[in-house]
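Line by line, the protein sequences are chains A and B.
First residue of the first sequence? That's 1 in our numbering, and the numbers climb one at a time after it.
First residue of the second sequence? That's 248 in our numbering, and the numbers climb one at a time after it.
For the record, the hints were derived by calculation from the structure and aren't laboratory data.
Hints should not be assumed to be uniformly reliable.
List of simulated lysine to any residue pairs, SDA-like, C-alpha gap at most 20 Å [what the hints assert, rightly or not]:
#, chain 1, residue 1, chain 2, residue 2
1, A, LYS27, B, VAL448
2, B, LYS321, A, ALA241
3, A, LYS130, B, THR355
Rough simulated footprint, nothing fancy, chain A against chain B, three-plus residues with beta-carbon under 8 Å [unchecked claim]:
#, segment
4, 330 to 343
5, 349 to 361
Sample of chain B residues at the chain A side, in silico, Cβ under 8 Å [stated by the list, open to error]:
#, residue
6, VAL295
7, MET298
8, LYS321
9, ARG324
10, GLN325
11, ILE327
A virtual CB, placed ideally from N, CA and C, is assigned to each residue, including glycine.
Okay, here's what each chain looks like letter by letter:
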Amino acid sequence: MEFKFFYHFGNFLLMLKGMFSRPENMKMYWKQFMQQCVDIGVGSFGIVFIISLFMGGVTTLQTAYQLVSPIIPRSTIAQVVRDTIILEFAPTLTSIVLAGVVGSKIASELGNMRISEQIDALEIMGINTKGYLIAPKILAAVLMIPVLVAIAGFLGIWGGKEAGELSGVLSGQEFMQGLRQEFKAYNVFFAMAKSYTFGFIIASVSAYYGYNVTGGALEIGKASTTAVVVSCVLVLFMDYALTAILL
Amino acid sequence: MIELKDIRKSFGDKEILKGVSTTMEPGKVNLIIGTSGSGKTVMMKCIVGLMGVDSGKVLYDNQDFTSMDDKEKKGIRQEIGMLFQGSALFDSMTVEQNVMFPLEMFGTGTLKEKKTRVAECLERVQLKEAAKKYPAEISGGMKKRVGIARAIVLNPKYLFCDEPNSGLDPQTSLLIDKLITELTKEYNITTVINTHDMNTVMESGDHIVYMYQGQKQWEGSNKDIVFSKDQKLNDFIFASEFLREAKEMRQLEMFKDGKWRDQLKKEQGGK
Numbered sequence: 001m002e003f004k005f006f007y008h009f010g011n012f013l014l015m016l017k018g019m020f021s022r023p024e025n026m027k028m029y030w031k032q033f034m035q036q037c038v039d040i041g042v043g044s045f046g047i048v049f050i051i052s053l054f055m056g057g058v059t060t061l062q063t064a065y066q067l068v069s070p071i072i073p074r075s076t077i078a079q080v081v082r083d084t085i086i087l088e089f090a091p092t093l094t095s096i097v098l099a100g101v102v103g104s105k106i107a108s109e110l111g112n113m114r115i116s117e118q119i120d121a122l123e124i125m126g127i128n129t130k131g132y133l134i135a136p137k138i139l140a141a142v143l144m145i146p147v148l149v150a151i152a153g154f155l156g157i158w159g160g161k162e163a164g165e166l167s168g169v170l171s172g173q174e175f176m177q178g179l180r181q182e183f184k185a186y187n188v189f190f191a192m193a194k195s196y197t198f199g200f201i202i203a204s205v206s207a208y209y210g211y212n213v214t215g216g217a218l219e220i221g222k223a224s225t226t227a228v229v230v231s232c233v234l235v236l237f238m239d240y241a242l243t244a245i246l247l
Numbered sequence: 248m249i250e251l252k253d254i255r256k257s258f259g260d261k262e263i264l265k266g267v268s269t270t271m272e273p274g275k276v277n278l279i280i281g282t283s284g285s286g287k288t289v290m291m292k293c294i295v296g297l298m299g300v301d302s303g304k305v306l307y308d309n310q311d312f313t314s315m316d317d318k319e320k321k322g323i324r325q326e327i328g329m330l331f332q333g334s335a336l337f338d339s340m341t342v343e344q345n346v347m348f349p350l351e352m353f354g355t356g357t358l359k360e361k362k363t364r365v366a367e368c369l370e371r372v373q374l375k376e377a378a379k380k381y382p383a384e385i386s387g388g389m390k391k392r393v394g395i396a397r398a399i400v401l402n403p404k405y406l407f408c409d410e411p412n413s414g415l416d417p418q419t420s421l422l423i424d425k426l427i428t429e430l431t432k433e434y435n436i437t438t439v440i441n442t443h444d445m446n447t448v449m450e451s452g453d454h455i456v457y458m459y460q461g462q463k464q465w466e467g468s469n470k471d472i473v474f475s476k477d478q479k480l481n482d483f484i485f486a487s488e489f490l491r492e493a494k495e496m497r498q499l500e501m502f503k504d505g506k507w508r509d510q511l512k513k514e515q516g517g518k
């Protein structure tokens with residue numbers, strides 16, 4: 001098990017090293033990068049939208065359920081919702097979902113290219129396949145996942161406000177008042193630091209498992225599942241590590 | 248010209264290539280034939296550099312490919328075109344975009360010039376009408392032809408084809424063979440084909456290497472093969488009654504033409 005870990009870790013580092021070479025044609029690499037930005041960013045927006053809204057709504061209702069003391073003002077609910085969403089739910093929960101959506105897509109796309117010899121065809125043409133196929137995916141994920149996390153944060157807070165109003169837990173005015181109480185900009189920095197890290201983990205781990213598929217269609221499915229599981233575990237591990245270091 | 252000098256390749260304890268040497272000349276269709284597991288696919292992958300060799304040399308026009316660094320290999324690879332067994336077309340691109348891809352990546356010239364070159368290549372493989380279709384929308388034979396068009400778009404010096412006839416009907420197979428042979432002669436390409444197809448062997452094989460259990464068992468042309476006394480080769484090539492009869496007819500034809508003396512002399516002298 002230990003040797004397997006070091007084997008994968010070593011190969012993973014070699015894969016990252018292999019990405020750094022002079023691009024054969026910068027225009028084609030740029031085109032590939034933009035395509036990945038669209039796939040990862042726009043392609044995942046729908047699921048992020050739905051999850052964030054409900055995540056905010058549920059957080060508001062559960063916080064209200066737990067804050068029963070009459071001496072605590074209702075606006076505190078909004079404050080708790082804001083910090084919970086910014087610190088944890090927007091970066092971590094969104095990244096866990098994206099590990100499933102984006103990670104499986106990257107792993108299965110590269111796995112299919114490997115099995116159908118498309119990667120070999122690129123190699124034969126003299127193209128650095130790690131640079132051309134993997135690097136744009138990692139860069140696009142590192143750029144787009146923080147954007148999605150930021151959007152998830154806004155949508156989550158908005159969802160929390162709407163849920164509060166709809167259920168009659170607190171008014172919109174109380175919610176807005178609570179949002180502004182003791183706001184720390186550092187929390188946003190912390191959320192962004194996490195989302196950059198998670199973006200890198202999701203894309204690179206999934207690309208590693210997809211790129212190294214051997215066998216047939218069954219192995220593509222297995223690689224996809226492994227990529228998602230390993231990405232999720234690493235996201236949770238790094239979530240803890242970054243929280244311990246940065247907070 | 249491609250030269251193999253005593254190449255060896257093992258996977259674990261199993262030796263797949265046991266010191267193979269041969270020379271593949273330009274303007275000729277060079278075939279690697281053999282039963283499944285005889286090492287022909289590994290041999291082709293070693294030649295194009297998709298797998299490294301354990302020992303021995305692969306020389307492209309006297310340049311040692313096996314000892315080159317990645318940058319130098321890139322230079323050689325840009326002179327290689329390859330047709331894969333499954334065609335290996337990019338699913339997300341149309342036929343035209345697939346053929347355009349190597350030109351966009353490495354080609355010089357204006358977009359108009361590139362489009363003209365793509366149109367020429369598609370015309371050459373008779374697929375101009377399928378230019379806007381996706382690989383999923385065309386037949387297996389058409390995919391192979393797109394693969395050929397993509398392989399020749401940069402005017403390669405070396406063309407590799409991995410089982411170009413697999414999964415194709417006999418008529419389409421003949422069309423593909425004819426196309427590859429014509430292109431080889433027309434552009435003086437060093438073509439290397441890995442095949443099981445007996446039609447290809449008999450119709451296109453200017454130079455044939457028969458692999459048996461990782462070793463070169465026999466080497467010659469499609470004319471030599473008819474008179475070969477090598478039992479393993481005969482068992483492989485003329486496996487059915489029909490093929491044995493075809494062999495006898497071919498011998499008879501050559502006998503009538505008077506070519507048999509030269510071939511027989513060559514075969515006896517060569518072995």
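Structure-based check of each hint:
1. LYS27(A) - VAL448(B): Status violated; Cα separation ~43 Å.
2. LYS321(B) - ALA241(A): With a Cα-Cα distance of about 42 Å, the restraint between LYS321(B) and ALA241(A) is violated, given a limit of 20 Å.
3. LYS130(A) - THR355(B): Measuring from Cα to Cα gives roughly 24 Å; hence the hint is violated.
4. 330 to 343: It holds, with 7 qualifying residues against the three required.
5. 349 to 361: Per the Cβ count (4), the hint holds.
6. VAL295: Hint holds; VAL295(B) Cβ to chain A Cβ min 6 Å, cut 8 Å.
7. MET298: violated, 10 Å
8. LYS321: Holds, because the Cβ-Cβ distance from LYS321(B) to chain A comes to roughly 4 Å (cut-off 8 Å).
9. ARG324: Check passed: Cβ of ARG324(B) comes within 4 Å of chain A, closer than 8 Å.
10. GLN325: holds, 5 Å
11. ILE327: holds, 6 Å
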